[in-house]
Amino acid sequence: DTAVSQTPKYLVTQMGNDKSIKCEQNLGHDTMYWYKQDSKKFLKIMFSYNNKELIINETVPNRFSPKSPDKAHLNLHINSLELGDSAVYFCASSQDLVREIYGYTFGSGTRLTVV
Amino acid sequence: QKEVEQNSGPLSVPEGAIASLNCTYSDRVSQSFFWYRQYSGKSPELIMSIYSNGDKEDGRFTAQLNKASQYVSLLIRDSQPSDSATYLCAVRYSGGYQKVTFGTGTKLQVIP
Numbered sequence: 001d002t003a004v005s006q007t008p009k010y011l012v013t014q015m016g017n018d019k020s021i022k023c024e025q026n027l028g029h030d031t032m033y034w035y036k037q038d039s040k041k042f043l044k045i046m047f048s049y050n051n052k053e054l055i056i057n058e059t060v061p062n063r064f065s066p067k068s069p070d071k072a073h074l075n076l077h078i079n080s081l082e083l084g085d086s087a088v089y090f091c092a093s094s095q096d097l098v099r100e101i102y103g104y105t106f107g108s109g110t111r112l113t114v115v
Numbered sequence: 001q002k003e004v005e006q007n008s009g010p011l012s013v014p015e016g017a018i019a020s021l022n023c024t025y026s027d028r029v030s031q032s033f034f035w036y037r038q039y040s041g042k043s044p045e046l047i048m049s050i051y052s053n054g055d056k057e058d059g060r061f062t063a064q065l066n067k068a069s070q071y072v073s074l075l076i077r078d079s080q081p082s083d084s085a086t087y088l089c090a091v092r093y094s095g096g097y098q099k100v101t102f103g104t105g106t107k108l109q110v111i112p
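Residue numbers (our numbering), protein chains in the order written: chain A, 1 to 115; chain B, 1 to 112.
FYI, nobody ran anything at the bench for these hints, they're computed from the structure. Worth double-checking, as some hints may not be accurate.
To be verified - Capping the alpha-carbon separation at 16 Å, the derived lysine to aspartate or glutamate pairs in EDC-like fashion look like this:
#	chain 1	residue 1	chain 2	residue 2
1	A	K9	A	E24
2	B	K42	B	D83
3	B	K67	B	D27
4	B	K99	A	D85
5	A	K67	A	D18
6	B	K99	B	E15
7	A	K52	A	E24
8	A	K41	A	D85
9	A	K36	A	E58
10	A	K41	B	E45
11	A	K40	A	D85
12	B	K99	B	D27
13	A	K40	B	E5
14	A	K44	B	E3
15	A	K44	B	E5
16	B	K99	A	D30
17	A	K52	A	D70
18	B	K67	B	E3
19	B	K42	A	D38
20	A	K19	A	E82
21	A	K52	A	E82
22	B	K67	B	D55
23	A	K67	A	D30
24	A	K41	B	D27
What the hints assert, rightly or not - Beyond 12 Å from chain A on every Cβ pair, some chain B residues (computed):
#	residue
25	V29
26	G54
27	S69
28	D83
29	R92
Glycine included, every Cβ here is placed at the ideal spot set by N, Cα and C.
With the rest of the complex left out, here is chain A (with noise of 0.2 Å):
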């Protein structure tokens, strides 16, 4: 059984074109994440959920919106797509917010490409 999947894994897009990336944790965890990973490994938070309240919300243009319509799931959403846009977007999923003591265990990563 998958604990993190992501949908779909390879994303090839023309700019301007809107497109969403689902998530879903079956480890029964309150808090979800999306990361941003760039060409350099960089990885940048940039939404997390606990119990489907948004509760970290990065400096990140407007055009993306999460969701999360139960604690199990977490999608992104990206309008009008942009070559910079382009990068490797992680969903993560962690046990306890509070103390954080156990990681995170991440999907296996969507890669999008906007061209």
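Take the given structure of chain A and dock chain B to it, following the hints.
For chain B alone, coordinates are given in the frame of chain A:
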């Protein structure tokens, strides 16, 4: 800006040697420290976490934390070619919702 610094490498060690990976962080008020391993084209995988000063051992891995000097390190004993990967240091800072900040990673190459 709270930062996590790592030498990008690559760090090359011969098979069987000890690999030493280092990480420094900027904020004294930090709570939790993590090491993740990321193989090329794969997602990060948690290998060690440490919260108290001193050493923590798990198999061939030892994490070392020195809060006074603001550094955390990872030692890999008896390095194997399968350990070749990028190692990401992550720090959870206190305050607010305590988000985790990642370093840019150190690429480790274990030479057979």
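Checked hints:
| no. | hint | in the structure |
| --- | --- | --- |
| 1 | A:K9 to A:E24 | holds, 13 Å |
| 2 | B:K42 to B:D83 | holds, 14 Å |
| 3 | B:K67 to B:D27 | holds, 10 Å |
| 4 | B:K99 to A:D85 | violated, 22 Å |
| 5 | A:K67 to A:D18 | holds, 15 Å |
| 6 | B:K99 to B:E15 | violated, 36 Å |
| 7 | A:K52 to A:E24 | holds, 13 Å |
| 8 | A:K41 to A:D85 | holds, 14 Å |
| 9 | A:K36 to A:E58 | holds, 11 Å |
| 10 | A:K41 to B:E45 | holds, 14 Å |
| 11 | A:K40 to A:D85 | holds, 14 Å |
| 12 | B:K99 to B:D27 | holds, 13 Å |
| 13 | A:K40 to B:E5 | holds, 14 Å |
| 14 | A:K44 to B:E3 | holds, 12 Å |
| 15 | A:K44 to B:E5 | holds, 14 Å |
| 16 | B:K99 to A:D30 | holds, 15 Å |
| 17 | A:K52 to A:D70 | holds, 6 Å |
| 18 | B:K67 to B:E3 | holds, 15 Å |
| 19 | B:K42 to A:D38 | holds, 14 Å |
| 20 | A:K19 to A:E82 | holds, 11 Å |
| 21 | A:K52 to A:E82 | violated, 28 Å |
| 22 | B:K67 to B:D55 | holds, 12 Å |
| 23 | A:K67 to A:D30 | holds, 15 Å |
| 24 | A:K41 to B:D27 | violated, 22 Å |
| 25 | V29 | holds, 14 Å |
| 26 | G54 | holds, 16 Å |
| 27 | S69 | holds, 22 Å |
| 28 | D83 | holds, 17 Å |
| 29 | R92 | violated, 5 Å |
Figure legend: structure checked against the earlier numbered hints; hints not met, in rising order: 4, 6, 21, 24, 29.
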